[in-house]
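> Since the structure of chain D is provided, determine the placement of chain B with the ligand on it from the hints.
Chains as they are written, first to last, in this note's numbering: chain D, 1 to 79; chain B, 1001 to 1208.
Think of the hints as simulated: they come from the structure by calculation, not from any bench. Be aware that a few hints might be false.
Heads up, simulated PhoX-like pairs for lysine-lysine below, C-alpha to C-alpha not over 25 Å straight-line [as the list claims (entries may be wrong)]:
no.	chain 1	residue 1	chain 2	residue 2
1	B	K1095	B	K1183
2	D	K71	B	K1014
3	B	K1119	D	K71
Derived coverage of chain B by chain D (criterion: at least 3 residues anywhere in the stretch with Cβ under 8 Å from a Cβ of chain D; other residues may be distant) [claimed, not checked]:
no.	region
4	1071 to 1081
5	1134 to 1148
6	1155 to 1164
From the three backbone atoms N, C-alpha and C, an ideal C-beta is built for every residue, glycine too.
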Amino acid sequence: MNCTSCGMPLRTPEDHASGDVTKEYCRHCAHPDGQLKSYDEVLAGMTAFLQRTQGLDPGVARRTATATMAKMPAWSGRA
Amino acid sequence: MSSHSPESQRAAQKAETRRRILEHARRLCARRGFARTRTVDVAKAARVSHGSVFVHFPSREALMAAVVGEMAREITDALHALGSQDAPLREVLAKHLDCLADREDELRWLLLEAPLLPKGFDAEWVGVQSAVAHHIAEAAARDMAAGRIREIPLHLLFNTWIGLVHHYVIHRELFAPGRSALKTHGRELLDHFMGLISTPTPKSRSKR
Ligand SMILES: [Zn+2]
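So that you can see chain D by itself, here it is in the shape it has in the complex (with noise of 0.2 Å):
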């Protein structure tokens, strides 16, 4: 299965939130305590991510990041 919040494959104990395979979501998206973490939090956590690993400019950084969550489970109540 795959982070419903990133979509991130889950595939050992550790890559669940706080190595708990019952959270359907991965460690990054969550706070240390286990909670997921808010809609904007992981908005600017993927932004910065795509930035700091690819180089993308900011604003597409942000629309990527944007477009991915929104065919995200975790946050498909959103518009």
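Relative to chain D, chain B with the ligand alone:
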């Protein structure tokens, strides 16, 4: 899952048809590219009616996006299967090369046609690159912390690697006519790249 009700049989049949359409679409895209792959040819290859293609994929674009999505998923899964949190960068890059070499025809068309493809493709493609970038960044950060490679901004390290590899794929006919560029030159590219970014070993330092 052993129920053989007509509904479950129909569902299984439907999934099988979708799988077959997608498989043949991928083969055709690998051979002649995304722009030139027509749904009518996919239908013929998969031995289904033309209309049946649109039962499973609402448009040609949706089918093409599914082809890229499928490729993305395979690459993501293969890299993630490396899994172990401590694979060195060289191992991650070697795996990346293997993944791309196995799909070099598809990848080449994707790179050549990217600016001409509809919007939906962008997101699928950045999805692939993000998964690759994630694994490369994590391994690179570990190797930097351990002093095995030089401190280089992660995006430049990533883009230098991608630029090198994609250049060989795009211009394959110059480097490996009629063959796989990455199966032919992958090892050389990997050695070269690691040489560029590695910290000097005590031995090579003493030579100076
Ligand atoms: Zn996540």
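> Please flag the earlier hints that this structure goes against, numbers listed from lowest up.
none
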